[in-house]
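Here is what each chain is made of, one letter per residue.
2 protein chains.
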Amino acid sequence: MVSGISSGAQAVPLYQEVADKIVRLIEEGVLRPGERVSSLRKVSEQYGVSVTTAIQAFILLEDRGLVEARPKSGFFVRVPRPVLREPAMAKTPRAITAVTVGALQSRLFEAAMMPHILPLGGAVPSPELLPTVKLNRILASVARRAGKSGISYDMPPGSEALRREIAKRTMNAGATILPQEIITTSGATEALMLCLRAVTVPGNVVAVESPTYFGVLHALEELGLKAIEVPTHPRDGMDLDALERMLKTRNLAACLAVPTFSNPLGALMPDEGKERLVRMLEERQVPLIEDDVFGELHHGPHRPRLAKGYDQTGNVLLCSSFSKSLAPGYRVGWVAPGRFYERIKTLKLTSTLATATLPELAIAEFLANGGYDHYLRSARSFYAANVQRVGQAVAAAFPEGTKVTQPQGGFVIWVEMPAGVDALRLQDDALAHEINIAPGPMFSPTQGYKNCIRLSCGVPWTPRLQQAIQTLGKLAQRQL
Amino acid sequence: MVSGISSGAQAVPLYQEVADKIVRLIEEGVLRPGERVSSLRKVSEQYGVSVTTAIQAFILLEDRGLVEARPKSGFFVRVPRPVLREPAMAKTPRAITAVTVGALQSRLFEAAMMPHILPLGGAVPSPELLPTVKLNRILASVARRAGKSGISYDMPPGSEALRREIAKRTMNAGATILPQEIITTSGATEALMLCLRAVTVPGNVVAVESPTYFGVLHALEELGLKAIEVPTHPRDGMDLDALERMLKTRNLAACLAVPTFSNPLGALMPDEGKERLVRMLEERQVPLIEDDVFGELHHGPHRPRLAKGYDQTGNVLLCSSFSKSLAPGYRVGWVAPGRFYERIKTLKLTSTLATATLPELAIAEFLANGGYDHYLRSARSFYAANVQRVGQAVAAAFPEGTKVTQPQGGFVIWVEMPAGVDALRLQDDALAHEINIAPGPMFSPTQGYKNCIRLSCGVPWTPRLQQAIQTLGKLAQRQL
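One line per chain: the protein sequences are A and Z, in this order. Numbering-wise (UniProt numbering), the first sequence opens with residue 1 and increments by one. Numbering-wise (UniProt numbering), the second sequence opens with residue 1 and increments by one.
Be careful, since some hints might not be right.
One copy or two, it doesn't matter: identical chains are merged, so the pair holds either way.
What the hints assert, rightly or not - Quick list of in silico lysine-lysine cross-link-like pairs, DSS-like style, CA-CA up to 30 Å:
#1 148 to 226
#2 91 to 248
#3 248 to 168
#4 226 to 248
Hints are computed from structural coordinates only; laboratory data are not their basis.
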């Protein structure tokens, strides 16, 4: 198949000939969307051209939107965009709402625990995609070496080794956070809960994205807080004009946002949006709780900046964890609570007293010497491709008019089906087919988004997954 | 020194002669209080008498209150009782009190983290006394074998293996609890917090022992709950007549008690008290939160019964952990919440989502195959002796009129000094001497017990500890 490039009479530049050959491979399905194209070196060898020519060919293909570069991973066949229609920003009710989403959450997690069910419901990375063996081995080695420090309390603020590693990483995300400004927690769940407890009293109103992560809504519910939904754009995140209007007319106790790869939309707020968000809340002394659990899983070359990076007064409480990127079951998260540091440290005592010591130490060791960045690069590349693959499969299998988000990070997609489809019913039907999905009403205190679902792309791309998407499409179609 | 027994003309029975010889050894300080007397076999050899005679001698000594039997450990020289005066039950204010103990707790824990400070403040067993190496080795082995289950979420109710082991052990404590009635937690701290959140709303009143564990008071404080202090006897626990009167006149949302080895008093409520407590609360549908963290550390031969054992309607929420008996830093606790099971399971999701998987599995493995009972036997024997040694040292070193509890389990003692001594000042002075203690006001929402301190006997008996007790005595004396 592969042959040298002819030097014909036509004035077609060599790199274009190479590019055309690659286009053929894509068109004929030899190279599929999301797949890696050969390396520059290999292309240069295969087609008998210089590496410079190969580079020019790839630039041309990139210009045409046929391939895309991923940092240190090479060029990948781009998933053709036109097929995917992005959902519009939802009109959210302006009402302040008491929250009742706990029951839906329990149901989701119960299904998520069953090993025979395909887990597209939780935003949980499949263990196959995590550095399972390496991390467990590090924990084993840390446990053997730890001696008495391994079984002793590691009282708040928690492991210094871990806090140092976290501080280093936040620097790469545009925020200068010192180890002594960080408190470790039992996952981001505890971090968020502590932040909400620190800045609110029951009855207060908290502004959240719409749609938003059900864990947040459940926490609000349990704390007797009310939610006000800020319309959120699938690409740019919270509508800051809308938030500003709310701030002028309402008494908000806090704003809780996921500016980098929001959940479920996967929206990435641009830097200037993050800065504006921080400033407008700072002016009114309304604390910003920033949840960054997906921040490290950017598909593009650059780590997006943290909103915390624009914080000059300690008004931003930054929460994160290693549950999306390393080990959900280790239960290690953290919070950099700015001016609420002492309050959070005290609250942590009544919540769990301390974070489990050895899991903390194991993650610190993995971050320092385990090749975390190396692992993250392959994870990012996998999720980027998988999000596109699953999105494409949804576009192909779901009823006419279905829209799908195309997030630039993380591993969940948000699917908006035609108005006639009931997501809760679809969840029931899907469970009968051993597929778990997260229905839209979980993501709203007003239980809107009745025709939407969130799908996790944190599972390997297998024939079973492919089949499951087709099944979901058929089940949705049947409702129309 | 040791010689055969003469068969004189007097009608003194042989066993009495043996007993008298041992009395001499005790009186002359050869055998010191808390020390083990030779085994029956050795006594029989040394004095040239039969084992039966040796037994009779020990029974005589026990009758006279000079030695005491400890199960499977032999006979120990009893610490002479008259020296130790037990504190009386405190008159507690009948007021309902908003709680503010968090700051004192933070201070205590900060000192507890400093390695050069002698840790008599926290009720934390010294790592030297725990099966550190074995447990860490088990965790290492579990981590190596666990594969993907090790890094995955173990969603509530948590590890079944662990819940099975816990269920087995509660059976020995007179309660029939099934594995499916248990939910694992991040330590007893989380369990207590979840229970309080499950059965109260802010502003509610909760009945607590007086004095009571500051962690409980801090939790009440953070939840906006009010405490009412039930007078508590240093030996028998909560004054149930007083509690009954309160139940008749006040609207209580819950009662939180540590019926087995309360903290700080070490009181053990008799079985009939436990039954009465459960019944009177059940009648009025006031939930009982039973904290049993010290239950396994009985000094006597029998595991005291759980109040939960008398629960017929699911009104008792039983909380415990492995932080006192195995590994504080593993953060593994549990709750058997009776009729509040579903509520607690849901609340756990917003608190920490799940308990750390590998520490759970390691403790399950230790309970099943690691010799937990063997370890507990030696721990009980050590704590029994140490509680007596420290109590004796306090009685000898502290100002005239000082009283000390003599708990039958656990490893904390409560010291009531003369009225002129200020425990908070003593804590300051002690810290300057690198000794941490827990001042009385931490144990009361009204910050009473100003002349009391709690001392942990969970550290090995060393010259440094002996010296520290003398220093504390002098510092207290100086205040008079």
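Hint by hint, here is what the structure shows:
Taking the shortest Cα distances, residue 148 and residue 226 never come within 30 Å of each other, neither inside one copy (45 Å) nor across copies (38 Å). In the homo-oligomer, the alpha carbons of residue 91 and residue 248 lie at most 30 Å apart inside one protomer (20 Å), although the nearest pairing across protomers, at 53 Å, exceeds that limit. With identical chains, the CA atoms of residue 248 and residue 168 are never at most 30 Å apart, being 37 Å at best within one copy and 59 Å at best between copies. Only within a single protomer do residue 226 and residue 248 lie at most 30 Å apart by alpha-carbon distance; the minimum there is 18 Å, versus 36 Å between protomers.
In summary, the numbered hints that this structure violates are 1, 3.
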